[in-house]
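Residue numbers (this note's numbering), protein chains in the order written: chain X, 2 to 117; chain Z, 11 to 124.
There could be a bad hint or two in this list.
Claimed, not checked - Below, in silico cross-link-like pairs of lysine-lysine (DSSO-like), each with a Cα-Cα straight-line distance of 30 Å or less:
{"no.": "1", "chain 1": "Z", "residue 1": "LYS27", "chain 2": "Z", "residue 2": "LYS67"}
{"no.": "2", "chain 1": "Z", "residue 1": "LYS67", "chain 2": "X", "residue 2": "LYS74"}
{"no.": "3", "chain 1": "Z", "residue 1": "LYS67", "chain 2": "Z", "residue 2": "LYS21"}
{"no.": "4", "chain 1": "X", "residue 1": "LYS17", "chain 2": "X", "residue 2": "LYS71"}
{"no.": "5", "chain 1": "X", "residue 1": "LYS4", "chain 2": "Z", "residue 2": "LYS27"}
{"no.": "6", "chain 1": "X", "residue 1": "LYS112", "chain 2": "X", "residue 2": "LYS74"}
{"no.": "7", "chain 1": "X", "residue 1": "LYS17", "chain 2": "X", "residue 2": "LYS112"}
{"no.": "8", "chain 1": "X", "residue 1": "LYS112", "chain 2": "Z", "residue 2": "LYS21"}
{"no.": "9", "chain 1": "X", "residue 1": "LYS17", "chain 2": "X", "residue 2": "LYS116"}
These are computed hints drawn from the structure, not numbers from a lab.
Only a predicted model underlies this, so the values are computations on that prediction, with no experimental measurement involved.
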Amino acid sequence: AQKITQTQPGMFVQEKEAVTLDCTYDTSDPSYGLFWYKQPSSGEMIFLIYQGSYDQQNATEGRYSLNFQKARKSANLVISASQLGDSAMYFCAMREGLYNFNKFYFGSGTKLNVKP
Amino acid sequence: GAGVSQSPSNKVTEKGKDVELRCDPISGHTALYWYRQSLGQGLEFLIYFQGNSAPDKSGLPSDRFSAERTGGSVSTLTIQRTQQEDSAVYLCASSLRDSLYEQYFGPGTRLTVT
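Chain X with its partners taken away, still in its complex shape (with noise of 0.2 Å):
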């Protein structure tokens, strides 16, 4: 079974619109840790987001936010007032296991166009 599901191959959201990029995750272990990586054209994988599994509360920085439901085992993010910079490769990612650093699953990723 795949560790990490993203559904949206691609998307596109007008400029100043929020928009939600869909993750799913499968893992046994109570410990986890999710995060989401954008990857725009110049191909580095810039960190955006972290929640932890048993953080209580969504996770936010700027801009971003993770939509954290445990029981669906979903983990969206959420970015407000896009930019014609959020233009990129989106991945969502686990680590199974607090400190398994080297258990580090991706999704396929999504592409997401911002319109002017």
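Fit chain Z to the given chain X structure using the hints.
Same frame as chain X, now just chain Z:
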């Protein structure tokens, strides 16, 4: 400060040749990861180094792939007898030992096997 650097940025090689890809992690980062990203795909974990511990090689796809890390810093990923299916972007990342979440990625090496 300097980020993670990788060289070369692009490599074109003929099928059957060996290639070496280099990664310079951020100074002081003890954890180093190699990933492979095929076209249109997510990242596939290859290998993980932590300090002087034995590396986790569980992600290496075949025995043609190997990696080493000298002096706990620079790492080299070697692919022997390259095949066309090895064509991908190879990404290196590093992190602090006690960092729960933040990996810093390099720009990657785009490998094309003809």
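Hint numbers not upheld by this structure, sorted from lowest to highest = 5
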